[in-house]
Amino acid sequence: MGGSLPRPPKGQSHWPWLHPQERSSFASPTPWDDSGMDYYSYEDPSMTDTTEIPGSQHPPHQLCDYHHCRHLQPACTELSRETGCMCPGVTGPDVPPEPPQLGAVHVTEFGATLHWCAPSSTVSEYQLMYQADGGPPTVGPVFNSTFRMGVLGELHPSTSYLVCIMAANQAGTSPTDNGSRAHGPCRNIRTLAPQLPYAYVAAGVAAMLVLVVVIALAWHFGLRLWGSPRSGCWEPCMAAGVIYSG
Numbered sequence: 001m002g003g004s005l006p007r008p009p010k011g012q013s014h015w016p017w018l019h020p021q022e023r024s025s026f027a028s029p030t031p032w033d034d035s036g037m038d039y040y041s042y043e044d045p046s047m048t049d050t051t052e053i054p055g056s057q058h059p060p061h062q063l064c065d066y067h068h069c070r071h072l073q074p075a076c077t078e079l080s081r082e083t084g085c086m087c088p089g090v091t092g093p094d095v096p097p098e099p100p101q102l103g104a105v106h107v108t109e110f111g112a113t114l115h116w117c118a119p120s121s122t123v124s125e126y127q128l129m130y131q132a133d134g135g136p137p138t139v140g141p142v143f144n145s146t147f148r149m150g151v152l153g154e155l156h157p158s159t160s161y162l163v164c165i166m167a168a169n170q171a172g173t174s175p176t177d178n179g180s181r182a183h184g185p186c187r188n189i190r191t192l193a194p195q196l197p198y199a200y201v202a203a204g205v206a207a208m209l210v211l212v213v214v215i216a217l218a219w220h221f222g223l224r225l226w227g228s229p230r231s232g233c234w235e236p237c238m239a240a241g242v243i244y245s246g
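Start counting the sequence shown at 1; every next residue gets the next number (the UniProt record's numbering).
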């Protein structure tokens, strides 16, 4: 986990927080399209020809097994250093990161789980940010650069929030928006209404069934003990041989 993110100057903000105007849908993560990206080899950045040289002992350079949206994804430079594979190009640590792409958001009564895809930038850490409708922005938890998933807790039920994922490095923090842009870094969500725990419901139903059974048994044994109302005699009378007709 990294340290705290750089703070904006007093009276200014890195984040253009706006009140959500409408609730956007909880879209599933969109596969990262890297077809237009440039790739490089960590060991030899100038090598772009993947044709194997005749008689060479080394295999041709291949793309690294790296995906921007994979949780706990090691840095591509580490993969390239180990295998000589080629990585997609990224901006350096002296350039503020581009915004991550926020994917699926799973909402509960008191929290939300966010999934995101990394930008084509050097990232040292990620940070969640959230803002209740009409409230101030709140800094959420910080995650290291391998994370692509994080959980926001301590939210209120039936409340609208603007949630964002931000990337940071030594040059600064990625920008945010108002949640209206598709595949942007922010999303407008609403937590679920309070739900009665299933255990309480089950306990209530079981108690009602037990009460019905107890009443039925009491009625049954009461009739056997006191006799039929039509006979007008208790069981002791019948045991003594006293028989009443009609």
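Source of the hints: derived by calculation from the structure; they are not laboratory data.
These numbers were taken from a predicted model, which means no experiment stands behind them.
Hints are supplied without guarantee of correctness; some may be wrong.
Simulated restraints on C-beta separations [stated by the list, open to error]:
#1 THR159 to ALA182: 20 to 28 Å
#2 SER120 to ALA207: 58 to 66 Å
#3 PRO141 to ALA104: 25 to 33 Å
#4 ALA182 to PRO141: 44 to 52 Å
#5 VAL212 to SER180: 21 to 29 Å
#6 ALA207 to ARG181: 47 to 55 Å
#7 PHE221 to GLU109: 43 to 51 Å
#8 ARG81 to THR159: 43 to 51 Å
#9 VAL95 to HIS183: 18 to 26 Å
#10 VAL151 to SER124: 18 to 26 Å
#11 THR113 to THR77: 47 to 55 Å
#12 ALA218 to ARG190: 48 to 56 Å
#13 HIS106 to PRO136: 18 to 26 Å
Heads up, the beta-carbon is just placed ideally off N, CA and C, and yes, glycines get one too.
Just pull the numbers of the violated hints for me, sorted ascending.
Structure breaks hints 3, 4, 5, 11.
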